[in-house]
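Residues per chain, in single letters:
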Amino acid sequence: MPVAMFAGMITGILFAGLVGLVASRVNQRRNPEAEDERMAMVKAQAGSTALRIAGGVAFIGWVADNLLAYSRGEAIQTITPWSIMLLAIVAIYDLSLAYFLHQYSADGGEEVTKKDVASTALTAAATLLVFIPMIAHGEFRGDRGLYYVMIGTIVLQVAAVLWLLFKARRSFRSAGGGHA
Amino acid sequence: MRNRIRELREAAGLTQEELAKRLKVTRQTVHAIENDKYNPTLALAFKMARLFQQPIEELFIYTEEE
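These protein sequence lines are chains A and B, in that order. All letters in the first sequence, in the order written, are residues 37 to 216 by our numbering. All letters in the second sequence, in the order written, are residues 30 to 95 by our numbering.
Take these hints with a grain of salt, some might be off.
[Claimed, not checked] Computed beta-carbon distance windows for the label pairs:
id, chain 1, residue 1, chain 2, residue 2, range
1, A, V99, B, E93, 27 to 37 Å
2, B, M30, A, S141, 10 to 20 Å
3, B, L80, A, K79, 21 to 31 Å
4, A, R61, B, K53, 40 to 50 Å
5, B, R33, A, M77, 40 to 50 Å
[Stated by the list, open to error] Here are the simulated PhoX-like cross-link-like pairs (lysine-lysine), alpha carbons at most 20 Å apart as the crow flies:
id, chain 1, residue 1, chain 2, residue 2
6, B, K76, A, K79
7, B, K76, B, K50
8, B, K76, B, K66
9, B, K53, A, K79
10, B, K53, B, K76
11, B, K66, B, K53
Simulated from the structure, these hints should not be mistaken for laboratory data. Glycine included, C-beta positions come from ideal geometry on N, C-alpha and C.
Construct the complete structure from the given sequences, taking the supplied hints into account.
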């Protein structure tokens, strides 16, 4: 992997974390009650779900990568830097997605459209920056299979977030603005 | 678990927002409790009981089938 690409990925991951942190702090300052006991529970559930999804996707990615490597006559690797990177990236994505899903199931469209969409969307957008060096590069040398798995993961997750946003917005509107 | 939070809140003339502020939780948490989507912790349940000046078992009704 070229050094610039690796540096781009690391910078992207760090930047995504930083943006997520800033968004969370801003939200907390605007609404000090946002971190109540139920929200803490939702976050814990989201973390647990994200870990399971990330583990599952990373395993599938690792198997797919090795199957493709095997079909090309290359040696099978038990663990590669890409596997670790994939796990880290998928975990970041899944954390925001799982948080969104748990919050949606706990509150319906109200909560997510009122204040947490911004931080979720910002985190997702910042995480996308991780992939810019890869996309600019065109393909992974010798790891094209994994590239497709990762692109597939991004497309599915972006589609899921858009679908949830659409549903949440519709539910928010039908609830007459969300105020009781 | 069922509860009478909505009934008591309305009787006290409070909005969800006002009750949430007094309990130091989000309005969404009040909404979730009223709709039986979330069972509060014991601490929050006692806080509610104190606020409405009712015994805790008057606020939360445990149903056997659960």
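Tested hints:
no. : hint                       : verdict
1   : A:V99 x B:E93: 27 to 37 Å  : violated, 48 Å
2   : B:M30 x A:S141: 10 to 20 Å : holds, 18 Å
3   : B:L80 x A:K79: 21 to 31 Å  : holds, 26 Å
4   : A:R61 x B:K53: 40 to 50 Å  : violated, 19 Å
5   : B:R33 x A:M77: 40 to 50 Å  : violated, 23 Å
6   : B:K76 x A:K79              : violated, 23 Å
7   : B:K76 x B:K50              : holds, 12 Å
8   : B:K76 x B:K66              : holds, 19 Å
9   : B:K53 x A:K79              : holds, 18 Å
10  : B:K53 x B:K76              : holds, 10 Å
11  : B:K66 x B:K53              : holds, 19 Å
Against the hints set out earlier in the document, violations occur for numbers 1, 4, 5, 6.
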